[in-house]
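Student: The lines below spell out each chain.
4 protein chains.
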Amino acid sequence: MKIKEFANIAAKYKVIFFDAFGVIKNYRGLIPGIAQTFQFLKERNIDFYILTNDASRSPEQLAQAFKKQGIKEITTDKIISSGMLAREYLRYKVKKGTVAYLGTENSAHYIEALGLKTLPISSLDLNNSHDVSALVLLDDEGFDWNHDINKVINLIRMRNIPVIVANTDEAYPVSEDQIAIAIGGIADMMEDIIDKKFIRFGKPDAQMFVFAYEHVTRKSFVSKDEILMVGDTLYTDIIGGNKFGLDTVLVLTGNTLPTQAKLLIQSTGIVPDFVCESAVIR
Amino acid sequence: MKIKEFANIAAKYKVIFFDAFGVIKNYRGLIPGIAQTFQFLKERNIDFYILTNDASRSPEQLAQAFKKQGIKEITTDKIISSGMLAREYLRYKVKKGTVAYLGTENSAHYIEALGLKTLPISSLDLNNSHDVSALVLLDDEGFDWNHDINKVINLIRMRNIPVIVANTDEAYPVSEDQIAIAIGGIADMMEDIIDKKFIRFGKPDAQMFVFAYEHVTRKSFVSKDEILMVGDTLYTDIIGGNKFGLDTVLVLTGNTLPTQAKLLIQSTGIVPDFVCESAVIR
Amino acid sequence: MKIKEFANIAAKYKVIFFDAFGVIKNYRGLIPGIAQTFQFLKERNIDFYILTNDASRSPEQLAQAFKKQGIKEITTDKIISSGMLAREYLRYKVKKGTVAYLGTENSAHYIEALGLKTLPISSLDLNNSHDVSALVLLDDEGFDWNHDINKVINLIRMRNIPVIVANTDEAYPVSEDQIAIAIGGIADMMEDIIDKKFIRFGKPDAQMFVFAYEHVTRKSFVSKDEILMVGDTLYTDIIGGNKFGLDTVLVLTGNTLPTQAKLLIQSTGIVPDFVCESAVIR
Amino acid sequence: MKIKEFANIAAKYKVIFFDAFGVIKNYRGLIPGIAQTFQFLKERNIDFYILTNDASRSPEQLAQAFKKQGIKEITTDKIISSGMLAREYLRYKVKKGTVAYLGTENSAHYIEALGLKTLPISSLDLNNSHDVSALVLLDDEGFDWNHDINKVINLIRMRNIPVIVANTDEAYPVSEDQIAIAIGGIADMMEDIIDKKFIRFGKPDAQMFVFAYEHVTRKSFVSKDEILMVGDTLYTDIIGGNKFGLDTVLVLTGNTLPTQAKLLIQSTGIVPDFVCESAVIR
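Chains as they are written, first to last, in my numbering: chain S, 721 to 1002; chain B, 721 to 1002; chain F, 721 to 1002; chain U, 721 to 1002.
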């Protein structure tokens, strides 16, 4: 496994897709030096998008956070989140009724932006749920796990409504050696227990890459050959990018530790086109 | 699917194994009329055992509860619980250190009975966990789901200790139309996220039936031919009993609704030897 | 569950996506009367595409077969197959070497069309496999299962190459009451045993619907609102169509029997917008 | 991870359970020097049993093969196979009709020993299968995979009979770097496609260890504390032995390579009490 310099690879593409967590930032804040990468892209006129499975905040809020941390290039229109895909689904398939949700009030903006009524599960009356037309799982915070997860289980048993998972991640790092369960992990448990099919949005699903690709080609045609996907996770960023036909870079600043990368690539059979220490360009 | 009278079947066996929940009791209390069944067995000198995946209370407490409700025949020695199997495991394989647990203080008696030190996960200091030699998942109550499930996840990542699941059930009914997630369901989620193998005790696993069979044959030899397993759940009681070589009765007072029984037997391929409306003998 | 007349629904859309097997044809040939449906569409200027998980024959061959059976409207350009998606993947990600395959010689055309060298697994020398750059699973016929499936397993263990599954179906009907295992089912077994990630193309994956949608919008813009997906299988056609944001019709001429439809919709939580007896328009 | 000398460990136990493949023999024949281990046990009066997931040959044939290779101590009564467990099941639960099977004629002896009629799947007439009362999956050889696996699938769909899997292994090594799919792997595929529950016998299931333990205690009582399980596979031998309450030794002459042992123990959470290079005593 040869480790390459990210600058040398990046320079050859017209568009770059970046995962956010583990590539641009981590639990501590920005990956040191990553801001220069976006100046490099600007200077060379290389376009980019951020593809994130984060549905807890709106693209506006995500962009603002990057700006505060010192990357002003990542504007709202550069962000493609799994929450946006969930919103697209609701736009086409859920046109009336109340959308119940699990997550913070903040995360509900994805639904409210459509003009749909929203209801946190904590406020739901199970005996009076006939107006609920869909359920969206947005974030692992903002609710009482014991009480509200059981409430969700019973809602789904009673009402045959679509259940949308707006973040497919099972867990996320909260410190150097600790993780927390993400809403995707909770969704998996509920789906196993109820035995109904949920609708999931997020990498590695093609829909995420398609959505980003549509943003790119709205300006002018770009071949998949000319797009690079940069991620820290084999199971989402790399296999998703590969399947969609993009070239892929695995960086070692997030989920995949430098000591494990070679072994993981071999044992999973998910092979990135390149491996780089980080996406930092100095 | 012919529905038979339980009395006619029961009378032909020397020993009967009963599941508790859905057969003898439900969320409301005893199944009406079930007390007579135990008088019937006593009169005919038919021995019996209760096989339950309940690890939240000790056999003593379970027996006392039955007594209060009016069945004095179900004494402590008649109860075989998955908690007892977990305790056996700890007896042979965990001889020192502190055993951390998820569940009520009450459920921890299974561990304390062995003279092992116990520690509820809520009191665990993750940065000082070197004395923890095993983790036991006992009950879905007695802890803060959000905080303590995440703590467990991180404990297992840090320390390569055995994780014992003392109740394999995914969920249990709490009212006519509502269920609650059981510790077995939470354990499944944690195992999926961590990707480590937990050690599970409870039906349908053979060990439960072996443990009960050993109790039976301690008194005098009884062939498996002469034992009947009575349960309300195809996936635990019936497949477990069948696999162990016992004749099996499915009763329709619990998980398997009368309207679904035929279809479920056909679609799962788990076929009881008999189907009865209930285990009540009038 | 109200059964509606297909003509009344179809008339309201600009474009219709049809599954092939179970909707237009079955093991006996065309669904009686289905030819008129395509005349109806033509008269009303409703566009259509066939979305099929069949990778055993080329779009040309599939179109020709429809023509022979009496539907001349289904021309090559109307067919979107999972084999075409697999070919797209190879076009972008596998630019050299030999592509080994499991399937008939006929199914290999998808690869050969790209100018890549192909090699049936039966002709592969495991001790001389360094030139193999990808493996494609195309069809359940054309090879010796025992010998060649084991050969594939060992090839994947030796060489860290991408494995592409060009048909995600697990099984398909071969007569009124018999099925046969499809290459997707064989792929699942191999993936379980090897524990490497394969790359799958076919419904319900979004990529299939995207590919079809791109064909539609190449002519002129059509909103997802104006497209109807017609299928016989909840797990592929309906959940895939729903997730992509299309309206969906379940027809009862294939995998989903009229007697089971209501129960299956309830138990899976996969809800079509409409249910019709068939896609036949008289 | 400290590697210990097997002799020092073995000397402390009254009874030793050995896995066969990867511990006593491999694809080449006996593990060099293993014959001395059985002399060592004999001299010290340590009892032993062979626990194998091999259902392709009878205990008599297995014992004879060991004798030919130079270990005369492994007599028929020392062998506990998953085939014997399957036979026990049939003895108690299938008392009439014809038992259909997948495997060599040789493997069918397990069924014939009970006086039941047997029928290889190749000779089964699907349109005249009413007399078939059970199906047993015995071996990966002795049948045409394509034709007969599809026949089995359809038999199980038509007839709600118990399906018994007499070997839970997914694959087995056939040379230094090649494996072959075992009947357990084929069974997994069929169960996934049909969605019916099969009945599996073999390690790591408790029933295998119980069966062996019953053999031991028939002579005189031995505590589980005094029994050692020796195996080469974490997922069968070690987790099964641990769960049953035995001390366990992982040897590095089979499935678990010396270079991977430490990492695998860490990543699976399956921890043997000891690790030894081999079970050879010099």
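Source of the hints: derived by calculation from the structure; they are not laboratory data.
One or more hints might be untrue.
Pairs involving identical chains hold if they fit within one copy or between any two copies, as the list cannot separate such chains.
To be verified - Calculated cross-link-like contacts (lysine-lysine; reagent style PhoX-like; alpha-carbon spacing at most 20 Å):
(1) K916 with K982
(2) K787 with K724
(3) K982 with K837
(4) K982 with K944
(5) K815 with K798
(6) K745 with K917
(7) K762 with K982
(8) K837 with K816
(9) K762 with K837
(10) K982 with K917
(11) K815 with K944
(12) K732 with K916
(13) K762 with K816
(14) K816 with K944
(15) K815 with K762
(16) K732 with K815
(17) K745 with K734
Keep in mind the model is a prediction, meaning the values are calculated, not measured.
Student: Now look at each hint and say whether the structure bears it out.
Tutor: Structure-based check of each hint:
1. K916 with K982: So K916 and K982 pass the 20 Å test across copies only (14 Å; inside, 37 Å).
2. K787 with K724: Neither, since 29 Å and 53 Å both go past 20 Å.
3. K982 with K837: neither (48 Å within a copy, 29 Å between copies)
4. K982 with K944: neither (26 Å within a copy, 42 Å between copies)
5. K815 with K798: neither (28 Å within a copy, 31 Å between copies)
6. K745 with K917: neither (33 Å within a copy, 27 Å between copies)
7. K762 with K982: neither (32 Å within a copy, 47 Å between copies)
8. K837 with K816: Close inside one copy (8 Å), not across copies (53 Å); limit 20 Å.
9. K762 with K837: neither (40 Å within a copy, 41 Å between copies)
10. K982 with K917: between (35 Å within a copy, 16 Å between copies)
11. K815 with K944: between (34 Å within a copy, 14 Å between copies)
12. K732 with K916: neither (45 Å within a copy, 30 Å between copies)
13. K762 with K816: Neither way: K762 and K816 sit 43 Å apart in one copy and 33 Å across, limit 20 Å.
14. K816 with K944: between (37 Å within a copy, 18 Å between copies)
15. K815 with K762: neither (40 Å within a copy, 30 Å between copies)
16. K732 with K815: between (44 Å within a copy, 18 Å between copies)
17. K745 with K734: neither (23 Å within a copy, 45 Å between copies)
Checked against the numbered hints given earlier, this structure breaks hints 2, 3, 4, 5, 6, 7, 9, 12, 13, 15 and 17; the rest are met.
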